[in-house]
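Whole structure, please, built from the sequences with the hints as guidance.
Residue 43 in this note's numbering sits at position 43 of the sequence shown, and the numbers go up by one each step.
Keep in mind the hints are simulated off the structure, nothing from the lab. Only a predicted model underlies this, so the values are computations on that prediction, with no experimental measurement involved. Wrong hints could be hidden among the right ones.
[To be verified] Taking lysine-lysine pairs in the DSSO-like style, the calculated list, with each CA pair at most 27 angstroms apart, reads:
1. Lys74 with Lys64
2. Lys38 with Lys74
3. Lys55 with Lys9
4. Lys16 with Lys55
5. Lys50 with Lys23
6. Lys38 with Lys55
7. Lys74 with Lys9
8. Lys38 with Lys16
9. Lys16 with Lys64
10. Lys25 with Lys55
11. Lys38 with Lys25
12. Lys9 with Lys38
13. Lys50 with Lys16
14. Lys9 with Lys64
15. Lys23 with Lys55
16. Lys23 with Lys38
17. Lys74 with Lys25
18. Lys74 with Lys50
19. Lys9 with Lys25
20. Lys64 with Lys38
21. Lys50 with Lys38
22. Lys74 with Lys23
23. Lys16 with Lys74
24. Lys50 with Lys64
25. Lys55 with Lys74
26. Lys50 with Lys25
27. Lys9 with Lys50
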Amino acid sequence: MEYTYIPSKTCSREIKFEIENNKIKNVRFLGGCNGNLKGIAALVENMDCKEVIDKLSGITCGGKSTSCPDQLAKAINEIIT
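In structure tokens:
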């Protein structure tokens, strides 16, 4: 199933991803730093949801209290809890 999450306080405007058998699939960011976000999407592909949350939660960007990776972790956490 595909999920859509609207992040807050980041350059990306939307995050889409799928979860299959508790694994992250097909992550796509709309907006934000294209190359970096493609890299994050590739790195988390087929990763366990909990592992993604553990690795990405709390990452900040610039002077912001969050980041695109942190928002992805929040999105996944909302779905699996």
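Hint-by-hint comparison with the structure:
1. Between lysine 74 and lysine 64, the direct Cα distance comes to roughly 15 angstroms. Compliance with the 27 angstroms bound is thereby established for this hinted pair.
2. Of the pairs offered as hints, the one joining lysine 38 and lysine 74 holds, with about 18 angstroms between alpha carbons and a cut-off of 27 angstroms not exceeded.
3. For a cut-off of 27 angstroms, the pair hint linking lysine 55 to lysine 9 stands: about 20 angstroms separates their Cα positions.
4. This hinted pair checks out: lysine 16 and lysine 55 have alpha carbons roughly 19 angstroms apart, not beyond 27 angstroms.
5. Distance restraint check for lysine 50 and lysine 23: the Cα-Cα separation of roughly 9 angstroms lies within the 27 angstroms cut-off, and the hinted pair is therefore satisfied.
6. With a CA separation close to 17 angstroms, the supplied pair lysine 38 and lysine 55 stays within the 27 angstroms bound.
7. A distance of roughly 13 angstroms separates the Cα atoms of lysine 74 and lysine 9; the hinted pair therefore holds under the 27 angstroms criterion.
8. Proximity of lysine 38 to lysine 16 is assessed by CA-CA distance (about 12 angstroms); at most 27 angstroms being required, the pair is judged to hold.
9. For the proposed pair lysine 16 and lysine 64, the alpha carbon gap of about 22 angstroms is at most 27 angstroms, so the pair holds.
10. For the hint linking lysine 25 to lysine 55, the alpha-carbon distance of about 16 angstroms falls within 27 angstroms, and the restraint holds.
11. Only pairs whose Cα atoms come within 27 angstroms are accepted, and lysine 38 paired with lysine 25 is accepted, the gap being roughly 13 angstroms.
12. For the hint linking lysine 9 to lysine 38, the alpha-carbon distance of about 19 angstroms falls within 27 angstroms, and the restraint holds.
13. Restraint check: the Cα-Cα separation between lysine 50 and lysine 16 comes to about 17 angstroms, which is no more than 27 angstroms; the hinted pair holds.
14. Restraint check for lysine 9 and lysine 64: satisfied, since their Cα atoms lie roughly 7 angstroms apart, inside the 27 angstroms limit.
15. Using a Cα cut-off of 27 angstroms, the hinted pair lysine 23 and lysine 55 holds, with the two alpha carbons roughly 14 angstroms apart.
16. Restraint check: the Cα-Cα separation between lysine 23 and lysine 38 comes to about 18 angstroms, which is no more than 27 angstroms; the hinted pair holds.
17. Restraint check: the Cα-Cα separation between lysine 74 and lysine 25 comes to about 16 angstroms, which is no more than 27 angstroms; the hinted pair holds.
18. Proximity of lysine 74 to lysine 50 is assessed by CA-CA distance (about 11 angstroms); at most 27 angstroms being required, the pair is judged to hold.
19. For a cut-off of 27 angstroms, the pair hint linking lysine 9 to lysine 25 stands: about 24 angstroms separates their Cα positions.
20. Taking the CA atoms of lysine 64 and lysine 38, the gap is about 21 angstroms. The hint holds against a cut of 27 angstroms.
21. Proposed proximity of lysine 50 and lysine 38 is supported: the alpha carbons are some 20 angstroms apart, at most 27 angstroms.
22. For the suggested pair lysine 74 and lysine 23, the alpha carbons sit about 15 angstroms apart, so the restraint of at most 27 angstroms is met.
23. Of the pairs offered as hints, the one joining lysine 16 and lysine 74 holds, with about 13 angstroms between alpha carbons and a cut-off of 27 angstroms not exceeded.
24. A threshold of 27 angstroms between alpha carbons decides the hint, and for lysine 50 with lysine 64 the separation of about 24 angstroms falls inside it, so the pair holds.
25. Note on lysine 55 and lysine 74: the hinted pairing holds, with a Cα-Cα distance of about 12 angstroms set against a maximum of 27 angstroms.
26. Using a Cα cut-off of 27 angstroms, the hinted pair lysine 50 and lysine 25 holds, with the two alpha carbons roughly 14 angstroms apart.
27. Only pairs whose Cα atoms come within 27 angstroms are accepted, and lysine 9 paired with lysine 50 is accepted, the gap being roughly 23 angstroms.
The structure fails none of the hints (numbered hints given earlier).
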